[in-house]
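Participant: Each chain, letter by letter, is given below.
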Amino acid sequence: MSVEVAIPEGYVRAFAKPAALSDAKFTYCPGCHHGIITRLVAEVLDELGILERTVGIAPVGCAVFLDRFFHCDFVQAAHGRACAVATGIKRARPDLVVFTYQGDGDLAAIGTAETVHAANRGENITVIFVNNGIYGMTGGEMAPTTLPGQRTVTTPTGREPRLHGYPLKISEMLAQLDGPAYISRQAVFDYSHVVKAKRAVLKAFRNQLEGKGFSLVEILSTCPTNWRMSPTEAGRWVAERVTEVFPLGDLKDVG
Amino acid sequence: MEKSVVFAGFGGQGILLAGKVLARAGMNEGFEVTWLPSYGPEMRGGTANCTVIVADRPIGSPVVDSPDALVAMNFPSLDKFEPRVVEGGTIVVNSSLVKRKVRRSDVTAIPVPTNEIAAELGNPRVVNMVALGALVRALGIVPLEAIETAMAEELRGRSRGKLVAVNREALRRGFGEAGKYLRDR
Amino acid sequence: MSRVLMRGNEAIAEAAIRSGLKCYFCYPITPQGELVEYMARELPKRGGVFLQAESEVAAINMVYGAAAAGVRTMTSSSSPGISLKQEGISYIAMARLPCVIVNMMRGGPGLGNIAPAQGDYFQATKGGGHGDYRLIVLAPSTVPEATELVRLAFDLADKYRVPAMILADGMIGQMMEPVKLPEPVDSADIPPRPWALTGARGRPKNVISSFDLEPEGLRRMNLVLQETYREIERAEVRWEEMETEDAELIVVAYGTMGRIVKTVVRLARAEGLKVGLLRPITLWPFPYGAIRRLAERTRAVFTVELSAGQMWEDVRLAVEGRAETPFYGELGGVVPSPNRILEEVKKYVG
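Chains as they are written, first to last, in the numbering used here: chain A, -14 to 240; chain B, 1317 to 1501; chain C, 2 to 351.
There could be a bad hint or two in this list.
Across the chosen pairs, the derived CB separations fall in these ranges [what the hints assert, rightly or not]: (1) A:S7 with C:P45: 31 to 41 Å; (2) C:G111 with A:V230: 36 to 46 Å; (3) C:S3 with B:G1328: 26 to 36 Å.
Quick partial rundown of chain C residues pointing at chain A, CB under 8 Å, derived from the structure [stated by the list, open to error]: (4) F26; (5) V50; (6) N207.
Selected chain C positions facing chain A (in silico; Cβ < 7 Å) [stated by the list, open to error]: (7) G66; (8) A69; (9) A70; (10) Y92; (11) A201; (12) S210.
These are computed hints drawn from the structure, not numbers from a lab.
Positions of the beta carbon are idealized from the N, C-alpha and C atoms, including for glycine.
Based on the sequences and whatever the hints tell you, model everything.
Facilitator: Okay, structure coming up:
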């Protein structure tokens, strides 16, 4: 249901929902960065004017309801398989714009093989990779990207690399491959980073339109609920701690 | 009518191809046919065999207990399949490699020195067609010309006329060789 | 139309291409390698997409994507690979996407071997993956029949929006027989797919999903599936009978065993034994009714299969005590010869 806010005389609308978004309420927790990231994708679909030929792939995880939020065609993938599903769609109909939107558990744990191989084939798709270092939907378990020492419900005394391995730097891994066109890591914890992140998402979609091939934007996100932090603390954690392990910037760009 | 043949030998002796040529010739003559290879590790060296059935009615089992004929290209093949050949059946044996006689007295044995004949023809790889030529005469269900045509079809794409010519000659030599052991049908 | 001599694997591939196959995804496994090779060689030439995936899991999910995008799509594999595809098949079933899956069964469980076997009957006919779903399962017994059933599989998958499986074994895949290939399908004859993901231009968005967090919503999705399955059970049961009119013993066998038993029936009849054959062509839906009717007027219904008795369970469900239900199965890739089966048959008839 749409909530129309009457604009008083003398005022102009400065902020509106992107046309790509439906009226469905986001199901993300308060303070979570997913909302910003989802919106960035919607803004880019608007700006490129591609909503009517875009197919999104919803993952398993916190973005499982993604199909409700957008006005474009959507398919729900099995956990980790979004890049394989995207490959199937794109190969069947290369005229469509195909994007996946996946968390770290989905993309970098159970779906590592699908991700790496789609990237390596240079599939002409766009991947939005939301890295919050935890399994949010299932209750805060350790993710492949959880920081050393970070407490989760499955690492109650903190992630111990010798027992649980190290944070998986999948973007760095993908950047070593010949297949991908564009691999970038961004964050949205403050305004200037949101603007940069938007630019990266735009580029990742534009690459697809230009046939450049596999483009992935990793966006460092928060999980205040499972990190047991306030949104402000969570944002600071990303800015200060997460970016130490996962530095921001373009990792690969064929131009 | 339903006739079954087991072709058996080493990988590389062209066992599967010989069977295919017979199957294709049978098909071209309007028969029902099946060609069933043994498959698996044996195809990477070791023994290979295939079973071909030619019939004038739909074929049920492609697996046979007792084949009407056996083409044994090496020792182990003769040992393995000789006891299974149907009474009154035929065994074509590659006498170049198998230095023993067929023990069964209730079958027609046709020893063919396929290696020597192939060497005479200048292509050691045509041993399979020499053996097939002999078999075809013994079977008497598809004419030699049909086999020659099927062979040429099988080789099409792989090679040109020269190889077809030497294979045709091999078939004819084998066919002639079988005449020594068969009354004219 | 003239006949061509083809391996089962190749004939299935060619029949699929002629059925309008647009996208084929695979991962190598024996004994269906010739199918993969044929597709790699032929499909791109004929306007289709061939892609070797990084795993069976990826391949079936690519099928899911291509089916969602509205094209005829297929994957093929053999037993261990089909196990890996079960997750994707469950999603495809609930998302109501048509596709064709070929299983050239081999010996199992585990790595097993590459010889012919029928040990995947439960997996194919009872669900395989999680949840309440079915596949249409077609079991060819000859190479020519395999080509016909491939066309049928695509048509039924489209008609009911369900995945369809060709359940054969290594023997059918590897052997050659003359086949009359079907005419290429006219693309106009392929049903339209208004539900497909083609871009939401001039229409509301399409969503393909197997997900509904609300039990009532998921229940409704399940009921639609079940309704579809009842319709398929009513309309699509297929089987073949041979010499059943006066038979005192009916052998039930499918696929490779079905054709081997035809020879057994001939051998038995030649000895004056009243033996007949019922060969299920659809394993799901299973010909319960046909078997039940025969069981009313015969002494025994004898199941012969290359498993420890998987189809036997369905045969007993069909017979429900109306006749004896003996069983003979071989395991591990051993294929019994006609005479071996005849020995077993003679224990119960004559």
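Participant: Restraint: F26 of chain C near chain A, CB-CB cut 8 Å. Satisfied or not?
Facilitator: holds (7 Å)
Participant: Hint check: is the beta carbon of G66 of chain C less than 7 Å from a beta carbon of chain A?
Facilitator: holds (2 Å)
Participant: Taking the least C-beta to C-beta distance, is A70 of chain C closer than 7 Å to chain A?
Facilitator: holds (4 Å)
Participant: Can you verify the interface hint for V50 of chain C: is its Cβ closer than 8 Å to any Cβ in chain A?
Facilitator: Holds - the Cβ of V50 of chain C comes within 8 Å of chain A, reaching about 5 Å at its closest.
Participant: Does the Cβ-Cβ separation between G111 of chain C and V230 of chain A fall within 36 to 46 Å?
Facilitator: Cβ of G111 of chain C to Cβ of V230 of chain A: about 40 Å, so the range 36 to 46 Å holds.
Participant: With a cut-off of 7 Å on the beta carbons, see whether S210 of chain C makes it to chain A.
Facilitator: Because about 4 Å separates S210 of chain C from the closest Cβ in chain A, which is inside the 7 Å limit, the hint holds.
Participant: Next item in the hint list is Y92 of chain C. Is there a CB on chain A closer than 7 Å to its CB?
Facilitator: holds (5 Å)
Participant: Could you tell me whether the CB distance from S3 of chain C to G1328 of chain B stays inside 26 to 36 Å?
Facilitator: Given about 32 Å between the Cβ atoms, the range holds.
Participant: For S7 of chain A and P45 of chain C, compare the CB-CB distance with the range 31 to 41 Å and indicate the outcome.
Facilitator: holds (39 Å)
Participant: Mind checking the CB of A69 of chain C against every CB in chain A and telling me if the closest is under 7 Å?
Facilitator: Holds - the Cβ of A69 of chain C comes within 7 Å of chain A, reaching about 5 Å at its closest.
Participant: So, as I understand it, the hint says A201 of chain C touches chain A; can you test that by seeing if any CB pair is closer than 7 Å?
Facilitator: holds (5 Å)
Participant: Tell me if the interface restraint on N207 of chain C is satisfied: Cβ within less than 8 Å of some Cβ in chain A.
Facilitator: With a closest approach of 5 Å, the N207 of chain C hint holds.
Violated hints: none; the structure is consistent with every hint.
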